[in-house]
Every structure is written in C-alpha cells, then in structure tokens.
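Chemist: Work out the full structure: start from the sequences and follow the hints.
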Amino acid sequence: MFRGSIVALVTPMASDGSVDFDRLSALIDFHCDAGTEAIVAVGTTGESATLEFDEHIAVIRHVVEVAAGRLPVIGGTGANATAEAEQLTRAAAEAGVDGCLLVTPYYNKPTQEGLYRHFRHLAETVAIPQILYNVPGRTAVDMQVETVSRLADLENIVALKEASGSLQRSAELVDRCGDRIALLSGDDDLACQQMLNGFAGVVSVTANVAPALMQKMSAAALSGDAELAGQLDSKLFGLHRDLFLESNPIPVKWAVARMGLIESSIRLPLTEFSAQYHSALEQSMRLAEVL
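Position one of the sequence shown corresponds to residue 1 (the numbering used here), numbered consecutively onward.
There may be inaccurate statements among the hints.
Label-pair distances were calculated between CB atoms; the ranges are [as the list claims (entries may be wrong)]:
id : residue 1 : residue 2 : range
1  : T271      : G165      : 21 to 29 Å
2  : L270      : Q144      : 45 to 53 Å
3  : Q168      : A68       : 15 to 23 Å
4  : Q231      : E84       : 40 to 48 Å
5  : N197      : G114      : 27 to 35 Å
6  : R120      : L270      : 30 to 38 Å
7  : E282      : D22       : 34 to 42 Å
I should point out that these hints are in silico values taken from the structure, not numbers from a laboratory.
Virtual Cβ for every residue (Gly too), placed ideally from N, Cα, C.
Modeler: Written as structure tokens, this is what we have:
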C-alpha cells in the first residue's frame, strides 16, 4: 500500500509561529510535481511535539484536501498515552487520511508486552491502515523484532517504519516480517541498501529538499538496479548526513527555507539552525542539485 519515496513533510510556519497553510499548500503541489509517492503529515519532522491537538488535525485535514487523491496521505498520530493516540488516530481517519503513522510511546518506556498491547488496541479500535514507527534514538524504547512479528498478524497493521540505524535489524525484519507487512526505512543514509535488501520504501527527511532525486533513487533500488541506485544515492549522501547536524527538523526547515519554499520559522524548544553549519548544508544541497 505504501511504497517508494515518502516524504516526512515539514510544517511551514509564519514568523509568529502560526501554521502557514498557504505555504503548506505549495509544498504539497511541489511534492506531487516531483514524484513523491506519499506524504506523512505531522510526524516528527512536521513538529508533532509542539502542535496543539486542533492544529495537528487541521494540518492533516489540509494536506488531505490539497493532495486531493494525487498521492496518499499518512497522518502522524502516535502518542505516549494510548488513549491520546486513539483520539488522534480517529480524528485523522475522519479527516480522510489513507493511513496513520504511530510512533512507539516515548518517555514512559513501556515493556515489549506494553508495546504490543498499545498497538493492538489501536489496530482493533480504529479501522484504518496503520504503520508502526520504531525510532529508539528519540523515544528511549526499542521495539524488538519479535514484537513486530506479533503485531504483523493484525489486520490493520500494514507497515513498519524502522529507524534503529541497524542493517542487521533490517535483515532480521525482512526475514521475519517482510512477507506480511511493508518495511519502510526511517534512516535516509541506510535507505538505499535497505530497499535493495527487501524494504519497500523510505519515509524520508531528505525528500523535503531533493524529492525528485529521492524518488529516482528509490525506484532504482526497488527495481534491483544497485549500480544506478548507488550513483543517485551518492548525490544525496551529503544531505542524509547534514540534515542531522542538529536535531531534526531544525536543519531541514532551514534548507527548505533556503530554497524559497517556506519561511525560516520553528517552534521552541527547537531553535533556528546554527550559522556555523550553513555552508556545509549548502554544499550538500548543491551536490544534490537543488541550489
């Protein structure tokens, strides 16, 4: 259902911190024209942590309306309280998304059994395709392969976004779960190799900046053309690295603003991209031919 280059979309904001819906509309058109294969609205890159509930759903609803069926829309609806995740997921489903991205509950550090029960509850109570999201570097909890395998048997769970940074973990997931759910990379720097090894796509920060090149690289990798995929990925590697010089989405929002697509605005406690890193990121943008 979800495959190829999927952008983890930034949320444009005006200088006063309010959501800039006009710029958001333009970004959606930009991605439709560039060949991006799906949009994640209000994930980590979309500043889900600092959007209020009503804003969160308003952004998702707007993306659905502007995309107008041109590409699938996935709503980021995870939370560290199961009841809140259910409320967000229901609201996103009512807004018309094609699926929801559900991060592992953060900070409270549930057990593997707690993770299983959390995601099972959501799968059984909200009838919409759901993508599990494992990103231990941000959540302080790591969903193990065995837990993913248990959850893969549930009807509404259709994919996993895996961002543990481990190719060994990726291989284990392909072996245990690859025939039951779609495996999506959450690590831009590993995505090419993961897709060559059996992953179905990538949920990408880099695609905000170089969507056409990410789509071409993903298509090559998914077709098994390792040589072409590697050549294209070499142009992207600087972005894969430099878009994480500071916490995501600080660098990527600056880069998209540098391209003239949004204002350079981000909500506290995140701050503007440090000037000392500007030249390095600009150089990587030039290598990817977006400047």
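Chemist: Confirm or reject each hint.
Modeler: Status of the hints after comparison with the structure:
At roughly 25 Å, the beta carbons of T271 and G165 sit within the given window of 21 to 29 Å. For the hinted restraint 45 to 53 Å between L270 and Q144, the CB-CB distance of approximately 30 Å leaves it violated. Here the CB-CB span from Q168 to A68 is close to 41 Å, at odds with the stated 15 to 23 Å. The hint said 40 to 48 Å for the Cβ distance between Q231 and E84, and at roughly 44 Å that hint holds.
Taken as a hint, the range 27 to 35 Å holds for the pair N197 and G114, whose Cβ atoms sit roughly 30 Å apart. Separation of R120 from L270 is about 33 Å and conforms to the stated range, judged on CB atoms against 30 to 38 Å. About 26 Å separates the C-beta atoms of E282 and D22, a value inconsistent with the hinted range of 34 to 42 Å.
Checked against the numbered hints above, the structure violates hints 2, 3, 7; every other hint is satisfied.
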